[in-house]
Amino acid sequence: MQETLQTLVGGLSLGAVYALVAMGFSLVYRTMGLVNFAHADIAMIGAYAASTFYLTSKLPFAVAMLVAIVVTGAIGLVIERVLRPLENKDFDLMLIGTIGFGIVLQAVAILIWGTTGRAVPSPVRAAPLDLFGVRVRTYDLLVMGVAALAVIGLAWFLARTKRGAAMQAVAMDHEAATAVGIDVGRSNALAFSIGAGLAALAGGLVGPMLYVDASLGGALGIKGFAAAMLGGFGSIPGAVVGGLAIGVLDSYAAGHFQGYSVLVTFLVFTVAIMIRPTGVFGERTVSRA
Amino acid sequence: MSRIPRPPTTTRATVCTAVVLTVALAACSAPGDSSSDSKASSGPIKIAVVDAQSGQLSSLGDWEYKGAKLAVDEWNKKGGIDGRKIQLKLFDDQGDPTAGTNIARKLASEKYVAMLGTAESAVTIAMAPVLQQAKIPNITSGQSDGLVALKSPYLFLNGPTSTTYDSTLAQYLIKDKGYKKIAMITNNGSFGTGEHDAFLKAAKGLGVSPSTDQVVTTDQKDFSAALTKIRSKKPQVVFIGSEEVEAGLIVKQARDLGITAPFAGAAPQGTPVFIDTAGKAAVEGTIVSSPYLSNDASDASKKFAAAYKAAYGKDAELHGAKAYDGANILLTALKTSKAATGQDLADAIRATAYKGLLGDFAYDDTGVGITKTTIGVISDGKLVAQQ
Numbered sequence: 001m002q003e004t005l006q007t008l009v010g011g012l013s014l015g016a017v018y019a020l021v022a023m024g025f026s027l028v029y030r031t032m033g034l035v036n037f038a039h040a041d042i043a044m045i046g047a048y049a050a051s052t053f054y055l056t057s058k059l060p061f062a063v064a065m066l067v068a069i070v071v072t073g074a075i076g077l078v079i080e081r082v083l084r085p086l087e088n089k090d091f092d093l094m095l096i097g098t099i100g101f102g103i104v105l106q107a108v109a110i111l112i113w114g115t116t117g118r119a120v121p122s123p124v125r126a127a128p129l130d131l132f133g134v135r136v137r138t139y140d141l142l143v144m145g146v147a148a149l150a151v152i153g154l155a156w157f158l159a160r161t162k163r164g165a166a167m168q169a170v171a172m173d174h175e176a177a178t179a180v181g182i183d184v185g186r187s188n189a190l191a192f193s194i195g196a197g198l199a200a201l202a203g204g205l206v207g208p209m210l211y212v213d214a215s216l217g218g219a220l221g222i223k224g225f226a227a228a229m230l231g232g233f234g235s236i237p238g239a240v241v242g243g244l245a246i247g248v249l250d251s252y253a254a255g256h257f258q259g260y261s262v263l264v265t266f267l268v269f270t271v272a273i274m275i276r277p278t279g280v281f282g283e284r285t286v287s288r289a
Numbered sequence: 001m002s003r004i005p006r007p008p009t010t011t012r013a014t015v016c017t018a019v020v021l022t023v024a025l026a027a028c029s030a031p032g033d034s035s036s037d038s039k040a041s042s043g044p045i046k047i048a049v050v051d052a053q054s055g056q057l058s059s060l061g062d063w064e065y066k067g068a069k070l071a072v073d074e075w076n077k078k079g080g081i082d083g084r085k086i087q088l089k090l091f092d093d094q095g096d097p098t099a100g101t102n103i104a105r106k107l108a109s110e111k112y113v114a115m116l117g118t119a120e121s122a123v124t125i126a127m128a129p130v131l132q133q134a135k136i137p138n139i140t141s142g143q144s145d146g147l148v149a150l151k152s153p154y155l156f157l158n159g160p161t162s163t164t165y166d167s168t169l170a171q172y173l174i175k176d177k178g179y180k181k182i183a184m185i186t187n188n189g190s191f192g193t194g195e196h197d198a199f200l201k202a203a204k205g206l207g208v209s210p211s212t213d214q215v216v217t218t219d220q221k222d223f224s225a226a227l228t229k230i231r232s233k234k235p236q237v238v239f240i241g242s243e244e245v246e247a248g249l250i251v252k253q254a255r256d257l258g259i260t261a262p263f264a265g266a267a268p269q270g271t272p273v274f275i276d277t278a279g280k281a282a283v284e285g286t287i288v289s290s291p292y293l294s295n296d297a298s299d300a301s302k303k304f305a306a307a308y309k310a311a312y313g314k315d316a317e318l319h320g321a322k323a324y325d326g327a328n329i330l331l332t333a334l335k336t337s338k339a340a341t342g343q344d345l346a347d348a349i350r351a352t353a354y355k356g357l358l359g360d361f362a363y364d365d366t367g368v369g370i371t372k373t374t375i376g377v378i379s380d381g382k383l384v385a386q387q
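Here the protein sequences line up with chains X and R, keeping their order. If you're matching positions, the first sequence starts at 1 in this note's numbering and goes up one per residue. If you're matching positions, the second sequence starts at 1 in this note's numbering and goes up one per residue.
Some hints could be false.
[Claimed, not checked] The list that follows gives simulated cross-link-like pairs (lysine to aspartate or glutamate, DMTMM-like), each with its CA atoms no further than 25 angstroms apart:
(1) K85/R - D73/R
(2) K180/R - E3/X
(3) K181/R - E3/X
[As the list claims (entries may be wrong)] Which residues of chain R face chain X? A few of them, derived with a C-beta cut under 8 angstroms, are:
(4) S54
(5) S58
(6) G61
(7) L249
(8) T260
(9) A281
(10) A282
(11) T374
(12) V377
Rather than coming from a laboratory, the hints here were simulated on the basis of the structure. Beta carbons: idealized from backbone N, C-alpha and C, even for Gly.
One chain only, chain R, in its complex shape (with noise of 0.2 angstroms):
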């Protein structure tokens, strides 16, 4: 029954293809990696997005990149900049700051005009160094005070921080709900820790310590532990500090473990994926502080909207707004500048007073341009302004 030997060579053939093939498989699933130099003064405008597209984070990095490639499109599509095309290029980060600062170098050395996100503040707090060093601005998608933090000339965010979004939050939570009873829920990731320390920083401000404090992990699946504990403070809200899935997960338990109390968070908990990780029921009054509530608020964003849809065939939301807004300015301030590159881009950048998707856009010394969101309520699965 046994089987006979193989001669060698048919192995070894074998053994080739499999590895061969592993190579190529692998090498597909990493997009942008080829080394083409072009010159400063002539060709495309070399841009970079950096953003996951693998690992948990993908989904928010998918967002911004369809939102910044949209912008570029529709620039290209005019005829670029001052008749040159825009070269756009994706670099896949995995969420992984080690992987972005490898990234950063080759940014560097292949002399990349600037830089589009990443949509992980640690991320880009990891990358900043290496691009404020090679002068090449980069427009974050991030909202940590990390970043602000950095004081880095070089750094733009495309959106509030943490601090504007969990004051807004605590404002509506305390002042105008009158709620006393709050707990906390975060995870111990640079968002969350961010989260964290803007929300209580905030609510303390305000008079109010929360009655529970739970930390979790990143990568935690089972939350049993600390909603128990939550359950037992009876809180009005729950405050939420952590990335979409995660807090979608944490959503369904709670529900499934009798906590009727209603969630406030920030932008992840106004994203599809939350409300679909938790689904429909449990997310129902969920409190959100976003700058970008909803696709119907404005002409703009209505085109902008109808634009997405019909590019990608899908319904566009804040991260796809804010890389929107962000590729949009940086792009008027090439324009503006005719091109320029270097510490003038970056100063053209700060000079670029932008009407947005997000709202008025004008950067201080901070590198943040816009410090304003509103409140909405989550109703029948869809985010709406709150009355």
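Same shape as in the complex, but just chain X (with noise of 0.2 angstroms):
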């Protein structure tokens, strides 16, 4: 019993990172259509730049993560500029560019801060909770805290805002969206630092549990992605969902399956897309090409 609510919390607080990710996933493909593949490199360089300010530039972390965000964001903001001419023109060129991107920004990582990563020390002090002989670290408290925060965050700003309206309008059809006067150029830029921010979030909290290296995008990339996918691509409680599944399901396969978890665990979600393929919460399949 203790070794299964262990399993469980350890696998949460991954999976609320993998949430994150799979979120900024999902906001890109339901706004543009596009799946963005330097999304889990920007999340590295978000890891990176916030590792950067909360341990060189000794900022606090709160504010190292804030500068970091904006840096993504802007990054994010760049791709999207390179890629609109694409827009609507050549889809197959525009998933091609991100792919590109992201190798560039690999690259980009290890001139900057070289081969050798940082690990990076919590920024919570505070010994881990003890509750009936399960161990709560207080820094993976705070990791599920910020993520549910911005989950609520982006929903109220997707159903609430004027610009958010205009994003779930462009979404839906973007040549009617056109046609009412939103300018879907901006709004997929919009969509794009926003996603940029989510993975600098990811990244940045991230940091303190895992090391921070130019090779840390491949591990949030695959399980971010499969997050999006189980939850369905371009919903954002289903990339929540989707996120803290993939987490805990990794979580119980490791300690099942030992050696074979990485197996088990796409066998299991492999079967759960064959099943429902467009994911728990995916009512349609979006094609924008």
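Hints in hand, dock the two standalone chains.
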């Protein structure tokens, strides 16, 4: 019982990070119909930026995170601007463009920060809580709290603000949205930069849990992408459910199948996708190509 | 509000620029990509260093390259070998066996005299058949017993094998310390599997079976399940068999889960990356089996550490020292054999008796030159010899 609960706690904290990554994937996808393959590498840049401002510039962790989010949001804008001429023209080239940007970002990270990564000490010094023999790290609670706030904030933005509503409109029908006077380009740019900011949030938060190096994106990207698929690509609640599900599934698979855990995790994922190809919350498949 | 469509030429130009930029930058990141042929008996002596410069094992590859380069620079400063300069070229294997085999073919076609590296046994094992066929001697930094099992006459190790590391460790834990309850956590990669098998065999040979034997994957990030099982067994010591970063994460999470037993392991547990990843407080008391405990061990190591610091501004550690020894053995063999190649060079390496930073090297038919490690303990964030 203790082991089951401890495994659940471990899975949920990483699951919260996967959920943030999945949300970024989904936000860009629902707005533009594009899978941003550079997303995980933007998260890696975010992790590096946050750790640099935190460790080297000695800023408080929260401030370092905000700066990192702004920096990566700007990178998101640049990527969108370069790809914009292709919007609604050549979808395949756009996809390949995002893959290219991912490779560029990895190379840039190695140029700036070198091949040896860095360990980020936890900004929360408090000892882990002990609840009936189950240990909960205080930092993990912070991560889950921030992730929850990000979900609520994004949902509020999409549902309650004019810009958010405009983005929803573009997601539904970009031609009709153009006809009623919505700037599709600006809407896409916003989606890209919010997506990049979410990636930075995920990367910055995961830094003290893991180890920051140029390959961090690979670790986050595959699980985050799977989470988005599982929840229903393009759905924000789906991203959250998918992220937590992948995190917990991964933890239990590790406990029961040890060395074969990755195999089991993705077998279960594949079966789930076969049974419900649109994911848990996906009610439609967006095709904008 | 909608934007005026741009003329198609501009579109194409932008895309072209983006693609060209992408390609150009990607090319920048992969060093060692030109093809120049040199004759075997004149001009510089071409030696390849193959180590991961990107990916999760890149810090390992970085240390190895720095150690090898330091040795070569010193020889070049003294005038090279037979008046010929030594040309060192770095190839990035990304820690990936497939990338490694491609590089091996490249080395064969571009007539490299010898190869130093890789730091990852799996990559070296994948490259060995090609190198053996091309008769290119290889001094690797790997330590897996699988390397010895290949029985390639062209493959040499610049350090002890896992068996040496782990039998010394098991001897210390079980005989000297009298530990009976030992837990194991290893990963399923080539290094972790090698450590698992070597330690298990050594411990069983001394009459102790581990109380639990947990296997994790190489890219796992959450170890709650395995560590909770270990905690419930209340071990006196936990043997850990995985690379630097993952081992650091395991120890960090173990401390958060309330495991107070010390950890014990081989080379990766003595490195700064391991100590930083886990945190100084978490690694206190970690028992390490290593042939190179600290930079202050001898006059030779002090000299090496000073030169390393002067060249790179960083503190030297085991992997740099290993690569430095390996490069020096190769260069000594090249000197004694008057820059021979192929079979003659391999024989010259085998005949080289070298007093290195790790100890006294004397190669046998298996390609192992050194079979001794010592026990150290991490105290206050530094690895010190066990008193």
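Consistency of the hints with the structure:
no.: 1; hint: K85/R - D73/R; in the structure: holds, 10 angstroms
no.: 2; hint: K180/R - E3/X; in the structure: holds, 24 angstroms
no.: 3; hint: K181/R - E3/X; in the structure: holds, 20 angstroms
no.: 4; hint: S54; in the structure: holds, 6 angstroms
no.: 5; hint: S58; in the structure: holds, 4 angstroms
no.: 6; hint: G61; in the structure: holds, 7 angstroms
no.: 7; hint: L249; in the structure: holds, 7 angstroms
no.: 8; hint: T260; in the structure: violated, 12 angstroms
no.: 9; hint: A281; in the structure: violated, 10 angstroms
no.: 10; hint: A282; in the structure: violated, 11 angstroms
no.: 11; hint: T374; in the structure: violated, 26 angstroms
no.: 12; hint: V377; in the structure: violated, 21 angstroms
When each numbered hint is compared with the structure, violations occur for hints 8, 9, 10, 11 and 12.
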